[in-house]
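Number of protein chains: 2
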Amino acid sequence: MTTKERILHTSLQLFNEQGIDAVTVRHIAKELGMSHGNLCYHFPNTDAIAEKLYEQLINELNAVLNEPASLDAVNLQTLYKLAAFVFEKLYKYKFLMQDFISLMRRIPSLKQKHRDLINNRRVFFKAGIDAGIQAGFLKPEIIAGQYENFFNQLFIIGDFWLVSAEILYEGKEEDKLLTYLNIAFTLIVPYLTEKGLAEYRELQKQTETLQ
Amino acid sequence: MTTKERILHTSLQLFNEQGIDAVTVRHIAKELGMSHGNLCYHFPNTDAIAEKLYEQLINELNAVLNEPASLDAVNLQTLYKLAAFVFEKLYKYKFLMQDFISLMRRIPSLKQKHRDLINNRRVFFKAGIDAGIQAGFLKPEIIAGQYENFFNQLFIIGDFWLVSAEILYEGKEEDKLLTYLNIAFTLIVPYLTEKGLAEYRELQKQTETLQ
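If you're matching them up, the sequences are chains A and B in order. Reading the first sequence from the start, the letters are residues 26 to 236 in this note's numbering. Reading the second sequence from the start, the letters are residues 26 to 236 in this note's numbering.
Just so you know, these hints were derived from the structure itself, not from any lab. Keep in mind that this is a model prediction, so the values were computed, not measured. Just to be clear, a hint being listed does not mean it is correct.
[Stated by the list, open to error] Heads up, simulated BS3-like pairs for lysine-lysine below, C-alpha to C-alpha not over 27 Å straight-line:
no.	chain 1	residue 1	chain 2	residue 2
1	A	Lys230	B	Lys164
2	B	Lys164	A	Lys151
3	A	Lys136	B	Lys106
4	A	Lys151	B	Lys197
5	A	Lys220	B	Lys164
6	A	Lys138	B	Lys220
7	A	Lys220	B	Lys220
8	B	Lys117	B	Lys77
9	A	Lys151	A	Lys29
10	B	Lys197	B	Lys164
11	B	Lys138	A	Lys197
12	B	Lys220	A	Lys164
13	A	Lys220	A	Lys119
14	B	Lys119	A	Lys119
15	A	Lys106	A	Lys29
16	A	Lys136	B	Lys117
17	B	Lys106	B	Lys151
18	B	Lys119	B	Lys136
19	B	Lys197	A	Lys136
20	A	Lys136	A	Lys29
21	B	Lys77	A	Lys119
22	A	Lys106	A	Lys220
23	A	Lys197	B	Lys151
24	A	Lys164	A	Lys117
25	A	Lys201	B	Lys197
26	B	Lys220	B	Lys106
27	A	Lys117	A	Lys138
28	A	Lys119	B	Lys151
Work the whole structure out from these sequences, hints included.
Here it is in structure tokens:
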């Protein structure tokens, strides 16, 4: 691991455990047994580290989502695996989700990056829906703009499930990820054809998540 | 208006315009031409004002939502009117939505009140869905727990559409409310029966919101 990678790795741990506002660069330097000056040579402040970690999250997501093969031979199980993959990554970087709005407010470049990301996702999701309709497990659009609204619903839930859970979720921490993956994934249920519903029931047998 | 009401009225304006963190009790007192001491006799700090405003929002919502008649003779138009009413109220108190997570974190009683509210809403929504199925415009549940997940999706979108808009929305401020009302309301579209879809098309003719 390079020094930069070690800084990012330790910062992510500390941010996730304590929240980004409770962690200073001195904290991180101390945890790494590194001088404050050496750390600041790499990153001037925690916001710069947060921005780099956001990029790292996006790169990890894109390594799979931008893979042209990811929508080949698409079925409901493929979509579920992709959704689970995304939720696990979001949970791995949970401090970003927990302080999403304050980070976006104080780091303008992050806000622009997130807008760009969402626009890319829109294209990807559209391709996924089209592939699902083609494969016969999703219904074609009934109302014009219906899937467009579906994406917008998904973006709000994708970005804010972790903070919503902070207020409303009363279960165990280790069940949180699967509970919210289920809440988000079942957005697709009423769009399923008979064939899609059969695939869904098959999926339910394989996972304990989907009730 | 009582002094208390005047304080709440002016605070809401200032909080909405500037965000709660930029407004102090001195600010509010000055705006009202009132002494700092007099204001603090009513409310010790801005968090106490925010909590009272949250209660005021909930009371305004409950005045309609707790009305037993609100689900009588239910049709899609009734549900749309209720949704529009809720979104307008949320927008009226937009500072609460914009700083939702930081307010909930630092005012524990607010967090508990919000949990209670959501649990009440769950009962109300369940009654609405049942009435809609009875009236024949909503489909019965296909997958067990489907409407329960639908409520959870709605709660996340209801609580976080305004902060999501802060990052992603690029349209005019005056169109924001209707844009997001549409995003939230169309969650119901894939649950509509043929009868429901006919009511939906009728609704589209009457409003410009629903594309």
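Do the hints match the structure? See the list:
The straight-line distance between the Cα atoms of lysine 230(A) and lysine 164(B) is roughly 24 Å, inside the 27 Å bound, and the hint therefore holds. Taken as a hint, the lysine 164(B) and lysine 151(A) pair is honoured in the structure, with Cα atoms around 26 Å apart against an allowance of 27 Å. Of the supplied pair hints, the one linking lysine 136(A) and lysine 106(B) is violated, its CA atoms being roughly 33 Å apart against a limit of 27 Å. With a C-alpha separation of about 25 Å, the suggested pair lysine 151(A) and lysine 197(B) falls inside the 27 Å cut-off, and the hint holds.
Between lysine 220(A) and lysine 164(B) the CA atoms are separated by roughly 18 Å; this keeps the pair inside 27 Å, and the hint holds. Among the hinted pairs, lysine 138(A) with lysine 220(B) is inconsistent with the structure: their alpha-carbon atoms are about 43 Å apart, more than 27 Å. Of the supplied pair hints, the one linking lysine 220(A) and lysine 220(B) holds, its CA atoms being roughly 24 Å apart against a limit of 27 Å. For the proposed pair lysine 117(B) and lysine 77(B), the alpha carbon gap of about 15 Å is at most 27 Å, so the pair holds.
About 36 Å separates the Cα atoms of lysine 151(A) and lysine 29(A), which puts this hinted pair outside 27 Å; it is violated. A threshold of 27 Å between alpha carbons decides the hint, and for lysine 197(B) with lysine 164(B) the separation of about 35 Å lies outside it, so the pair is violated. Between lysine 138(B) and lysine 197(A) the alpha-carbon distance is near 21 Å, which keeps this suggested pair within the 27 Å criterion. For the suggested pair lysine 220(B) and lysine 164(A), the alpha carbons sit about 18 Å apart, so the restraint of at most 27 Å is met.
Note on lysine 220(A) and lysine 119(A): the hinted pairing is violated, with a Cα-Cα distance of about 35 Å set against a maximum of 27 Å. With a CA separation close to 26 Å, the supplied pair lysine 119(B) and lysine 119(A) stays within the 27 Å bound. Between lysine 106(A) and lysine 29(A) the CA atoms are separated by roughly 31 Å; this puts the pair beyond 27 Å, and the hint is violated. The straight-line distance between the Cα atoms of lysine 136(A) and lysine 117(B) is roughly 25 Å, inside the 27 Å bound, and the hint therefore holds.
Between lysine 106(B) and lysine 151(B) the CA atoms are separated by roughly 17 Å; this keeps the pair inside 27 Å, and the hint holds. Restraint check for lysine 119(B) and lysine 136(B): the C-alpha separation of about 17 Å stays at or below 27 Å, so the hint holds. Restraint check: the Cα-Cα separation between lysine 197(B) and lysine 136(A) comes to about 18 Å, which is no more than 27 Å; the hinted pair holds. The straight-line distance between the Cα atoms of lysine 136(A) and lysine 29(A) is roughly 23 Å, inside the 27 Å bound, and the hint therefore holds.
For the hint linking lysine 77(B) to lysine 119(A), the alpha-carbon distance of about 31 Å lies beyond 27 Å, and the restraint is violated. A threshold of 27 Å between alpha carbons decides the hint, and for lysine 106(A) with lysine 220(A) the separation of about 18 Å falls inside it, so the pair holds. Distance hint between lysine 197(A) and lysine 151(B) is fulfilled; the C-alpha atoms sit about 25 Å from each other, no more than 27 Å. Of the supplied pair hints, the one linking lysine 164(A) and lysine 117(A) is violated, its CA atoms being roughly 33 Å apart against a limit of 27 Å.
For the hint linking lysine 201(A) to lysine 197(B), the alpha-carbon distance of about 36 Å lies beyond 27 Å, and the restraint is violated. Taking the CA atoms of lysine 220(B) and lysine 106(B), the gap is about 18 Å. The hint holds against a cut of 27 Å. Restraint check: the Cα-Cα separation between lysine 117(A) and lysine 138(A) comes to about 19 Å, which is no more than 27 Å; the hinted pair holds. For a cut-off of 27 Å, the pair hint linking lysine 119(A) to lysine 151(B) is broken: about 32 Å separates their Cα positions.
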